[in-house]
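Student: Sequence:
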Amino acid sequence: MATEGKIYTPDQLIKDAASHGELVVFVGAGASMLCGSPDWRGFASQVVGALERGNVLGFLEAEQLRGLGDPRRTLSIAMALAKEKGIAIDFDGILHPRMPSATGEELYRLLSHLRPVFVTTNYDKWLDDAGPEELSPEVKEGGEREPAKGPVKRPKYYRREHLSPALLAQRGAVIHLHGSYIDPSSMVVSLKDYIEHYADSRVQEFLTAMFKNHTVLFVGYGLAELEVLDHIIRSNESVRTGATEPRHFLLFAYRSTESVQTRFMEHFFRDQCGVQVVPYCIDAKGYRELVEVFKSWGPELDVRGPATLDLQAHLDRYVASPTDVNRRAALSLVESRPDLTSYLLNSLKDPVWFSDLDSARFFDSKHNPKVRTIESERGTLYQADGWPALRYLEQIAASVTDERAARIANIVRAISADAEQRGLDNWRTWWSLATVLSQLPLDVLRNDDIEMTRLWLASRFDVDMIGHELGAKLLPRLLDSPEPGNWHKAVLLADALSMVRPTGEAT
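Per UniProt numbering, the sequence shown starts with residue 1, numbered consecutively.
Hint data in this document are derived by calculation from the structure and do not stem from the laboratory. Even glycine gets a Cβ: it sits at the ideal position worked out from N, Cα and C. Certain hints may be false.
[Said to hold, decoys possible] Below 35 Å or equal to it, Euclidean Cα-Cα: the simulated DSBU-like pairs (lysine-lysine) are: (1) Lys-212 to Lys-85; (2) Lys-6 to Lys-212; (3) Lys-156 to Lys-85; (4) Lys-295 to Lys-212.
[To be verified] Between beta-carbon pairs, the in silico distance windows are: (5) Thr-9 to Glu-258: 18 to 28 Å; (6) Ile-195 to Ser-481: 47 to 57 Å; (7) Ala-398 to Arg-454: 18 to 28 Å; (8) Ser-201 to Arg-361: 23 to 33 Å.
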(Lines of atoms letter the chains of each structure in order from A; the text may use other names.)
(Lines give C-alpha, C1' and ligand atoms only; values in the text may rest on other atoms or scores of the structure.)
Protein backbone atom coordinates (compact mmCIF):
# COMPACT_ATOMS: atom_id res chain seq x y z
CA MET A 1 0.00 0.00 0.00
CA ALA A 2 1.27 3.50 -0.89
CA THR A 3 2.24 5.67 2.01
CA GLU A 4 2.08 9.44 2.46
CA GLY A 5 4.89 11.29 0.72
CA LYS A 6 5.92 8.43 -1.56
CA ILE A 7 8.73 9.46 -3.90
CA TYR A 8 8.38 8.43 -7.53
CA THR A 9 11.32 8.28 -9.92
CA PRO A 10 10.87 8.42 -13.69
CA ASP A 11 12.47 5.72 -15.82
CA GLN A 12 15.84 6.67 -17.26
CA LEU A 13 14.41 6.38 -20.79
CA ILE A 14 11.86 9.06 -19.93
CA LYS A 15 14.57 11.34 -18.50
CA ASP A 16 16.78 10.85 -21.55
CA ALA A 17 13.90 11.56 -23.91
CA ALA A 18 13.07 14.76 -22.02
CA SER A 19 16.63 16.08 -22.19
CA HIS A 20 16.90 15.27 -25.92
CA GLY A 21 13.63 16.93 -26.92
CA GLU A 22 11.97 13.59 -27.67
CA LEU A 23 9.32 13.38 -24.94
CA VAL A 24 5.64 13.50 -25.91
CA VAL A 25 3.07 13.60 -23.10
CA PHE A 26 -0.14 12.01 -24.34
CA VAL A 27 -3.06 13.17 -22.18
CA GLY A 28 -6.33 11.25 -21.83
CA ALA A 29 -9.75 11.70 -20.27
CA GLY A 30 -8.61 10.72 -16.76
CA ALA A 31 -6.58 13.93 -16.46
CA SER A 32 -9.52 16.12 -17.49
CA MET A 33 -11.83 14.34 -15.07
CA LEU A 34 -9.59 15.57 -12.24
CA CYS A 35 -10.60 19.09 -13.33
CA GLY A 36 -14.27 18.15 -13.17
CA SER A 37 -14.84 17.30 -16.82
CA PRO A 38 -17.27 14.41 -17.34
CA ASP A 39 -16.31 10.86 -18.18
CA TRP A 40 -17.62 9.29 -21.39
CA ARG A 41 -20.92 8.30 -19.77
CA GLY A 42 -21.46 11.76 -18.32
CA PHE A 43 -20.51 13.42 -21.59
CA ALA A 44 -22.96 11.28 -23.55
CA SER A 45 -25.70 11.84 -20.99
CA GLN A 46 -25.36 15.63 -21.18
CA VAL A 47 -25.50 15.60 -24.98
CA VAL A 48 -28.68 13.52 -24.75
CA GLY A 49 -29.98 16.05 -22.23
CA ALA A 50 -29.42 18.84 -24.75
CA LEU A 51 -31.55 16.93 -27.26
CA GLU A 52 -34.23 16.44 -24.62
CA ARG A 53 -34.28 20.16 -23.83
CA GLY A 54 -34.44 20.91 -27.56
CA ASN A 55 -37.58 18.73 -27.86
CA VAL A 56 -35.80 16.33 -30.18
CA LEU A 57 -36.26 13.48 -27.68
CA GLY A 58 -38.97 12.73 -25.16
CA PHE A 59 -38.22 11.46 -21.65
CA LEU A 60 -38.59 7.78 -22.58
CA GLU A 61 -36.48 8.13 -25.72
CA ALA A 62 -33.73 9.93 -23.80
CA GLU A 63 -33.82 7.34 -21.04
CA GLN A 64 -33.51 4.46 -23.49
CA LEU A 65 -30.74 6.19 -25.44
CA ARG A 66 -28.78 6.70 -22.22
CA GLY A 67 -29.35 3.04 -21.37
CA LEU A 68 -27.68 1.54 -24.43
CA GLY A 69 -24.77 0.45 -22.26
CA ASP A 70 -21.94 1.82 -24.41
CA PRO A 71 -21.62 5.61 -23.86
CA ARG A 72 -19.72 6.04 -27.14
CA ARG A 73 -22.57 4.41 -29.01
CA THR A 74 -25.00 6.68 -27.18
CA LEU A 75 -22.86 9.68 -28.06
CA SER A 76 -22.62 8.67 -31.72
CA ILE A 77 -26.41 8.48 -32.04
CA ALA A 78 -26.97 11.68 -30.08
CA MET A 79 -24.46 13.64 -32.16
CA ALA A 80 -26.04 12.40 -35.39
CA LEU A 81 -29.49 13.47 -34.14
CA ALA A 82 -28.17 16.89 -33.12
CA LYS A 83 -26.70 17.41 -36.59
CA GLU A 84 -29.89 16.21 -38.30
CA LYS A 85 -32.16 18.45 -36.21
CA GLY A 86 -29.87 21.47 -36.16
CA ILE A 87 -29.35 21.45 -32.41
CA ALA A 88 -26.21 23.32 -31.31
CA ILE A 89 -24.57 21.48 -28.42
CA ASP A 90 -22.89 23.65 -25.77
CA PHE A 91 -19.67 21.63 -25.57
CA ASP A 92 -17.93 24.37 -23.62
CA GLY A 93 -20.54 24.15 -20.86
CA ILE A 94 -20.51 20.34 -20.87
CA LEU A 95 -16.74 19.91 -20.77
CA HIS A 96 -15.75 22.75 -18.48
CA PRO A 97 -17.16 23.27 -14.98
CA ARG A 98 -17.33 26.87 -13.79
CA MET A 99 -14.80 26.14 -11.08
CA PRO A 100 -12.32 23.38 -11.98
CA SER A 101 -11.19 21.31 -9.04
CA ALA A 102 -7.96 22.24 -7.28
CA THR A 103 -6.49 18.78 -7.96
CA GLY A 104 -6.99 19.09 -11.70
CA GLU A 105 -5.64 22.63 -11.76
CA GLU A 106 -2.53 21.49 -9.91
CA LEU A 107 -1.99 18.58 -12.29
CA TYR A 108 -2.19 20.79 -15.35
CA ARG A 109 0.03 23.37 -13.70
CA LEU A 110 2.68 20.68 -13.18
CA LEU A 111 2.32 19.52 -16.78
CA SER A 112 2.57 23.13 -17.98
CA HIS A 113 5.81 23.55 -16.08
CA LEU A 114 7.33 20.63 -17.97
CA ARG A 115 6.28 22.09 -21.35
CA PRO A 116 6.85 19.06 -23.56
CA VAL A 117 4.92 18.42 -26.75
CA PHE A 118 1.36 17.53 -25.73
CA VAL A 119 -0.87 15.21 -27.70
CA THR A 120 -4.38 14.60 -26.41
CA THR A 121 -7.56 12.81 -27.37
CA ASN A 122 -9.52 15.23 -25.16
CA TYR A 123 -11.71 17.89 -26.71
CA ASP A 124 -11.37 20.31 -23.78
CA LYS A 125 -9.27 23.42 -23.13
CA TRP A 126 -7.24 22.42 -20.08
CA LEU A 127 -3.98 22.07 -21.99
CA ASP A 128 -4.55 25.07 -24.24
CA ASP A 129 -3.89 27.79 -21.66
CA ALA A 130 -0.26 28.30 -20.73
CA GLY A 131 0.79 28.21 -17.10
CA PRO A 132 2.04 31.28 -15.24
CA GLU A 133 5.68 30.47 -15.97
CA GLU A 134 4.97 30.69 -19.71
CA LEU A 135 3.37 34.14 -19.59
CA SER A 136 5.47 36.71 -21.39
CA PRO A 137 5.55 40.37 -20.38
CA GLU A 138 3.44 42.67 -22.49
CA VAL A 139 4.97 45.73 -24.14
CA LYS A 140 2.91 48.91 -23.99
CA GLU A 141 2.92 51.40 -26.85
CA GLY A 142 5.70 53.53 -25.36
CA GLY A 143 7.92 50.51 -24.82
CA GLU A 144 7.24 50.15 -21.09
CA ARG A 145 6.89 46.53 -20.01
CA GLU A 146 4.28 45.22 -17.62
CA PRO A 147 3.27 41.73 -16.51
CA ALA A 148 1.01 39.82 -18.86
CA LYS A 149 -2.63 39.69 -17.81
CA GLY A 150 -4.54 36.42 -18.00
CA PRO A 151 -3.55 33.17 -19.63
CA VAL A 152 -1.80 33.09 -22.98
CA LYS A 153 -2.56 30.40 -25.50
CA ARG A 154 -0.15 27.69 -26.46
CA PRO A 155 0.04 26.86 -30.15
CA LYS A 156 -2.72 24.31 -30.62
CA TYR A 157 -3.69 22.13 -33.54
CA TYR A 158 -7.00 20.33 -33.77
CA ARG A 159 -7.96 19.79 -37.40
CA ARG A 160 -6.88 16.73 -39.32
CA GLU A 161 -5.13 18.87 -41.92
CA HIS A 162 -3.03 20.37 -39.10
CA LEU A 163 -1.40 17.02 -38.34
CA SER A 164 2.25 16.86 -39.30
CA PRO A 165 5.27 15.08 -37.83
CA ALA A 166 6.92 18.52 -37.67
CA LEU A 167 4.59 19.49 -34.81
CA LEU A 168 6.39 16.94 -32.64
CA ALA A 169 9.44 19.21 -32.70
CA GLN A 170 7.47 22.24 -31.47
CA ARG A 171 7.99 22.33 -27.73
CA GLY A 172 4.88 23.33 -25.80
CA ALA A 173 2.51 22.68 -28.72
CA VAL A 174 -0.87 21.05 -28.00
CA ILE A 175 -2.11 18.62 -30.62
CA HIS A 176 -5.76 17.62 -30.25
CA LEU A 177 -5.76 14.30 -32.08
CA HIS A 178 -9.56 13.98 -31.90
CA GLY A 179 -10.42 17.64 -32.47
CA SER A 180 -11.48 20.43 -30.15
CA TYR A 181 -14.74 21.69 -28.66
CA ILE A 182 -14.15 25.10 -30.30
CA ASP A 183 -14.82 23.48 -33.69
CA PRO A 184 -17.39 20.67 -33.29
CA SER A 185 -16.84 19.59 -36.91
CA SER A 186 -13.30 18.57 -35.96
CA MET A 187 -14.41 16.26 -33.13
CA VAL A 188 -13.90 12.52 -33.63
CA VAL A 189 -16.84 10.96 -31.78
CA SER A 190 -18.77 8.31 -33.69
CA LEU A 191 -17.56 4.92 -34.88
CA LYS A 192 -17.69 6.30 -38.42
CA ASP A 193 -15.53 9.24 -37.33
CA TYR A 194 -12.95 6.89 -35.81
CA ILE A 195 -12.78 4.67 -38.89
CA GLU A 196 -12.40 7.64 -41.22
CA HIS A 197 -9.93 9.43 -38.95
CA TYR A 198 -7.53 6.56 -38.46
CA ALA A 199 -7.67 5.58 -42.14
CA ASP A 200 -6.34 9.02 -43.08
CA SER A 201 -2.69 8.93 -44.17
CA ARG A 202 -1.95 12.17 -42.31
CA VAL A 203 -3.07 10.62 -39.02
CA GLN A 204 -1.22 7.38 -39.71
CA GLU A 205 2.05 9.09 -40.61
CA PHE A 206 1.81 11.44 -37.63
CA LEU A 207 1.34 8.56 -35.18
CA THR A 208 3.97 6.41 -36.86
CA ALA A 209 6.52 9.24 -36.59
CA MET A 210 5.54 9.85 -32.97
CA PHE A 211 6.06 6.24 -31.88
CA LYS A 212 9.15 5.73 -34.02
CA ASN A 213 11.09 8.88 -33.16
CA HIS A 214 9.84 9.89 -29.72
CA THR A 215 9.15 8.49 -26.27
CA VAL A 216 5.46 8.71 -25.45
CA LEU A 217 4.17 9.01 -21.89
CA PHE A 218 0.44 8.28 -21.58
CA VAL A 219 -1.28 10.17 -18.74
CA GLY A 220 -4.94 9.78 -17.80
CA TYR A 221 -5.61 6.54 -19.66
CA GLY A 222 -7.06 3.50 -17.96
CA LEU A 223 -9.24 0.50 -18.65
CA ALA A 224 -12.12 2.73 -19.81
CA GLU A 225 -9.91 4.17 -22.57
CA LEU A 226 -8.64 0.87 -23.98
CA GLU A 227 -10.82 1.26 -27.08
CA VAL A 228 -9.32 4.69 -27.79
CA LEU A 229 -5.80 3.46 -27.12
CA ASP A 230 -6.35 0.56 -29.49
CA HIS A 231 -6.72 2.94 -32.43
CA ILE A 232 -3.65 4.93 -31.41
CA ILE A 233 -1.26 2.14 -30.53
CA ARG A 234 -1.81 0.31 -33.82
CA SER A 235 0.74 2.78 -35.22
CA ASN A 236 3.42 1.66 -32.74
CA GLU A 237 5.92 -0.03 -35.05
CA SER A 238 7.75 -1.72 -32.16
CA VAL A 239 4.74 -4.02 -31.69
CA ARG A 240 5.07 -5.32 -35.24
CA THR A 241 8.86 -5.54 -35.18
CA GLY A 242 8.98 -7.26 -31.80
CA ALA A 243 11.22 -4.70 -30.08
CA THR A 244 12.37 -6.21 -26.79
CA GLU A 245 12.41 -3.06 -24.66
CA PRO A 246 9.38 -0.75 -24.78
CA ARG A 247 10.32 2.92 -24.94
CA HIS A 248 6.77 4.18 -24.33
CA PHE A 249 5.11 4.40 -20.92
CA LEU A 250 1.63 4.54 -19.41
CA LEU A 251 0.93 5.84 -15.91
CA PHE A 252 -1.60 3.40 -14.47
CA ALA A 253 -3.68 3.91 -11.31
CA TYR A 254 -4.35 0.80 -9.23
CA ARG A 255 -5.61 -0.27 -5.82
CA SER A 256 -3.60 -2.65 -3.67
CA THR A 257 -6.49 -5.14 -3.86
CA GLU A 258 -6.01 -5.19 -7.65
CA SER A 259 -2.36 -6.26 -7.69
CA VAL A 260 -3.05 -9.43 -9.68
CA GLN A 261 -5.14 -7.57 -12.26
CA THR A 262 -2.42 -4.92 -12.47
CA ARG A 263 0.18 -7.56 -13.33
CA PHE A 264 -2.10 -8.82 -16.10
CA MET A 265 -2.41 -5.27 -17.42
CA GLU A 266 1.36 -4.81 -17.32
CA HIS A 267 1.79 -7.93 -19.47
CA PHE A 268 -1.01 -6.85 -21.82
CA PHE A 269 0.39 -3.38 -22.49
CA ARG A 270 3.95 -4.64 -22.82
CA ASP A 271 3.22 -7.61 -25.10
CA GLN A 272 0.28 -6.30 -27.12
CA CYS A 273 0.94 -2.55 -27.22
CA GLY A 274 4.69 -2.13 -26.80
CA VAL A 275 4.06 0.12 -23.79
CA GLN A 276 5.54 -0.21 -20.31
CA VAL A 277 3.08 0.34 -17.44
CA VAL A 278 4.18 2.65 -14.61
CA PRO A 279 1.78 1.77 -11.75
CA TYR A 280 0.95 4.12 -8.90
CA CYS A 281 -1.22 3.10 -5.95
CA ILE A 282 -4.29 5.21 -5.18
CA ASP A 283 -5.20 3.62 -1.82
CA ALA A 284 -4.27 6.68 0.24
CA LYS A 285 -5.17 9.71 -1.88
CA GLY A 286 -7.26 8.37 -4.71
CA TYR A 287 -6.66 9.73 -8.17
CA ARG A 288 -4.94 12.77 -6.67
CA GLU A 289 -1.92 10.46 -6.42
CA LEU A 290 -1.19 11.34 -10.06
CA VAL A 291 -0.37 14.86 -8.85
CA GLU A 292 2.13 13.37 -6.40
CA VAL A 293 3.76 11.46 -9.26
CA PHE A 294 4.42 14.65 -11.21
CA LYS A 295 5.52 16.52 -8.09
CA SER A 296 8.23 13.90 -7.69
CA TRP A 297 9.03 13.73 -11.39
CA GLY A 298 9.19 17.49 -11.99
CA PRO A 299 12.72 18.09 -10.63
CA GLU A 300 13.94 14.91 -12.35
CA LEU A 301 12.80 15.83 -15.86
CA ASP A 302 14.89 18.37 -17.73
CA VAL A 303 12.55 18.85 -20.68
CA ARG A 304 14.18 20.60 -23.60
CA GLY A 305 13.35 21.32 -27.20
CA PRO A 306 15.13 19.21 -29.80
CA ALA A 307 18.70 20.23 -30.62
CA THR A 308 19.66 21.31 -34.13
CA LEU A 309 21.20 17.91 -34.84
CA ASP A 310 17.94 16.23 -33.81
CA LEU A 311 15.94 18.49 -36.11
CA GLN A 312 18.34 17.76 -38.95
CA ALA A 313 17.74 14.06 -38.31
CA HIS A 314 13.99 14.72 -38.65
CA LEU A 315 14.61 16.43 -41.99
CA ASP A 316 16.76 13.51 -43.14
CA ARG A 317 13.84 11.18 -42.49
CA TYR A 318 11.43 13.40 -44.40
CA VAL A 319 13.83 13.61 -47.35
CA ALA A 320 14.38 9.84 -47.37
CA SER A 321 10.61 9.25 -47.54
CA PRO A 322 9.10 12.26 -49.36
CA THR A 323 5.40 11.46 -48.92
CA ASP A 324 2.90 14.32 -49.04
CA VAL A 325 2.78 14.37 -45.24
CA ASN A 326 6.57 14.35 -44.86
CA ARG A 327 7.07 17.11 -47.43
CA ARG A 328 4.59 19.30 -45.58
CA ALA A 329 6.31 18.43 -42.31
CA ALA A 330 9.71 19.43 -43.66
CA LEU A 331 8.48 22.78 -44.93
CA SER A 332 6.61 23.42 -41.69
CA LEU A 333 9.77 22.71 -39.72
CA VAL A 334 11.97 25.09 -41.72
CA GLU A 335 9.25 27.73 -41.54
CA SER A 336 9.50 27.64 -37.75
CA ARG A 337 13.29 27.23 -37.85
CA PRO A 338 14.65 29.26 -40.82
CA ASP A 339 18.19 28.35 -39.83
CA LEU A 340 17.48 24.84 -41.13
CA THR A 341 16.45 26.02 -44.61
CA SER A 342 19.86 25.61 -46.19
CA TYR A 343 20.27 22.16 -44.65
CA LEU A 344 16.98 20.99 -46.14
CA LEU A 345 17.46 22.50 -49.59
CA ASN A 346 21.01 21.20 -49.88
CA SER A 347 19.67 17.71 -49.13
CA LEU A 348 17.06 17.71 -51.90
CA LYS A 349 17.61 16.07 -55.27
CA ASP A 350 14.14 14.74 -56.09
CA PRO A 351 11.84 16.76 -58.41
CA VAL A 352 8.87 15.68 -56.26
CA TRP A 353 9.67 18.60 -53.93
CA PHE A 354 9.49 21.26 -56.65
CA SER A 355 5.79 22.13 -56.48
CA ASP A 356 5.86 22.33 -52.68
CA LEU A 357 8.88 24.63 -52.69
CA ASP A 358 7.40 26.75 -55.45
CA SER A 359 4.08 27.11 -53.60
CA ALA A 360 6.01 28.08 -50.47
CA ARG A 361 7.76 30.83 -52.55
CA PHE A 362 11.31 29.59 -52.04
CA PHE A 363 12.19 30.77 -55.56
CA ASP A 364 10.87 34.31 -55.18
CA SER A 365 13.27 36.99 -56.40
CA LYS A 366 13.23 38.67 -53.00
CA HIS A 367 15.52 35.88 -51.74
CA ASN A 368 18.32 36.79 -54.19
CA PRO A 369 21.27 37.80 -51.96
CA LYS A 370 23.05 41.10 -52.50
CA VAL A 371 26.81 41.24 -52.95
CA ARG A 372 28.41 42.47 -49.75
CA THR A 373 31.29 44.91 -49.71
CA ILE A 374 33.94 44.25 -47.07
CA GLU A 375 36.74 46.71 -46.32
CA SER A 376 39.92 45.08 -45.06
CA GLU A 377 43.66 45.72 -44.83
CA ARG A 378 43.97 44.15 -48.26
CA GLY A 379 41.50 46.60 -49.72
CA THR A 380 37.89 46.22 -50.80
CA LEU A 381 36.58 42.67 -50.98
CA TYR A 382 33.28 41.44 -52.38
CA GLN A 383 31.38 38.51 -50.95
CA ALA A 384 28.40 36.86 -52.64
CA ASP A 385 26.22 34.38 -50.78
CA GLY A 386 24.70 31.41 -52.52
CA TRP A 387 20.98 30.79 -52.82
CA PRO A 388 20.19 27.20 -51.71
CA ALA A 389 16.88 27.09 -53.57
CA LEU A 390 18.70 27.65 -56.85
CA ARG A 391 21.11 24.84 -56.05
CA TYR A 392 18.06 22.59 -55.80
CA LEU A 393 16.95 23.74 -59.27
CA GLU A 394 20.43 22.87 -60.53
CA GLN A 395 19.91 19.34 -59.22
CA ILE A 396 16.56 18.75 -60.94
CA ALA A 397 16.73 20.86 -64.12
CA ALA A 398 17.98 17.97 -66.29
CA SER A 399 15.20 15.61 -65.20
CA VAL A 400 12.08 17.78 -65.41
CA THR A 401 9.81 18.06 -68.42
CA ASP A 402 6.58 19.69 -69.53
CA GLU A 403 4.91 22.04 -67.02
CA ARG A 404 7.65 21.90 -64.40
CA ALA A 405 10.34 22.68 -66.95
CA ALA A 406 8.31 25.63 -68.27
CA ARG A 407 7.75 26.87 -64.73
CA ILE A 408 11.49 26.70 -63.93
CA ALA A 409 12.25 28.66 -67.09
CA ASN A 410 9.80 31.34 -65.92
CA ILE A 411 11.50 31.39 -62.50
CA VAL A 412 14.88 31.99 -64.16
CA ARG A 413 13.42 34.85 -66.21
CA ALA A 414 11.77 36.44 -63.19
CA ILE A 415 14.94 36.32 -61.08
CA SER A 416 17.07 37.76 -63.88
CA ALA A 417 14.61 40.58 -64.64
CA ASP A 418 14.26 41.50 -60.97
CA ALA A 419 18.05 41.53 -60.48
CA GLU A 420 18.47 43.82 -63.51
CA GLN A 421 15.79 46.17 -62.22
CA ARG A 422 17.32 46.33 -58.71
CA GLY A 423 20.91 46.46 -59.90
CA LEU A 424 21.88 43.18 -58.22
CA ASP A 425 25.05 41.64 -59.61
CA ASN A 426 25.51 38.44 -57.61
CA TRP A 427 27.82 36.26 -59.71
CA ARG A 428 26.80 33.15 -57.79
CA THR A 429 23.17 33.73 -58.73
CA TRP A 430 24.18 34.21 -62.39
CA TRP A 431 26.21 31.01 -62.26
CA SER A 432 23.26 29.05 -60.82
CA LEU A 433 20.87 30.46 -63.41
CA ALA A 434 23.30 29.55 -66.19
CA THR A 435 23.59 26.01 -64.80
CA VAL A 436 19.80 25.63 -64.65
CA LEU A 437 19.18 27.13 -68.10
CA SER A 438 21.84 24.90 -69.68
CA GLN A 439 20.05 21.74 -68.52
CA LEU A 440 16.40 22.54 -69.20
CA PRO A 441 14.62 20.91 -72.17
CA LEU A 442 15.36 22.98 -75.26
CA ASP A 443 11.68 23.30 -76.14
CA VAL A 444 11.06 25.61 -73.18
CA LEU A 445 13.84 28.05 -74.17
CA ARG A 446 13.13 31.21 -76.15
CA ASN A 447 15.37 33.55 -78.13
CA ASP A 448 15.02 36.21 -75.45
CA ASP A 449 16.36 33.69 -72.90
CA ILE A 450 19.61 33.64 -74.84
CA GLU A 451 19.64 37.44 -74.95
CA MET A 452 19.04 37.41 -71.20
CA THR A 453 22.41 35.70 -70.66
CA ARG A 454 24.18 38.84 -71.87
CA LEU A 455 23.28 40.44 -68.53
CA TRP A 456 24.97 37.61 -66.67
CA LEU A 457 28.05 37.67 -68.91
CA ALA A 458 28.38 41.46 -68.51
CA SER A 459 28.89 41.16 -64.74
CA ARG A 460 31.67 43.28 -63.32
CA PHE A 461 32.90 40.17 -61.55
CA ASP A 462 34.55 37.02 -62.90
CA VAL A 463 32.22 35.28 -65.38
CA ASP A 464 34.41 32.31 -66.31
CA MET A 465 32.13 29.72 -64.67
CA ILE A 466 29.03 31.33 -66.16
CA GLY A 467 30.60 31.24 -69.59
CA HIS A 468 31.71 27.64 -69.07
CA GLU A 469 28.17 26.48 -68.21
CA LEU A 470 26.67 28.18 -71.25
CA GLY A 471 29.50 27.43 -73.70
CA ALA A 472 30.36 23.87 -72.69
CA LYS A 473 26.86 22.62 -71.90
CA LEU A 474 24.09 24.65 -73.52
CA LEU A 475 25.81 25.58 -76.80
CA PRO A 476 26.60 21.96 -77.85
CA ARG A 477 23.02 20.92 -77.09
CA LEU A 478 21.67 23.70 -79.30
CA LEU A 479 24.04 22.81 -82.13
CA ASP A 480 23.22 19.08 -81.93
CA SER A 481 19.48 19.71 -82.05
CA PRO A 482 17.63 18.82 -85.27
CA GLU A 483 15.44 21.92 -84.84
CA PRO A 484 16.55 24.94 -86.95
CA GLY A 485 15.20 27.27 -84.29
CA ASN A 486 17.76 25.93 -81.86
CA TRP A 487 20.56 26.58 -84.37
CA HIS A 488 19.49 30.24 -84.37
CA LYS A 489 19.64 30.22 -80.56
CA ALA A 490 23.17 28.76 -80.84
CA VAL A 491 24.22 31.69 -83.02
CA LEU A 492 22.76 34.14 -80.51
CA LEU A 493 24.56 32.39 -77.65
CA ALA A 494 27.87 32.30 -79.48
CA ASP A 495 27.57 36.04 -80.07
CA ALA A 496 26.81 36.64 -76.37
CA LEU A 497 29.77 34.52 -75.28
CA SER A 498 32.15 36.41 -77.58
CA MET A 499 31.07 39.92 -76.69
CA VAL A 500 33.74 42.26 -75.32
CA ARG A 501 33.37 43.08 -71.65
CA PRO A 502 34.19 46.53 -70.28
CA THR A 503 37.70 46.81 -68.81
CA GLY A 504 38.68 48.15 -65.42
CA GLU A 505 35.75 46.50 -63.66
CA ALA A 506 35.93 44.77 -60.30
CA THR A 507 36.74 41.08 -60.33
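Student: Starting from the hint list further up, note which numbers the structure goes against and sort them upward.
Tutor: Violated hint (a single one): 1; every other hint is consistent with the structure.
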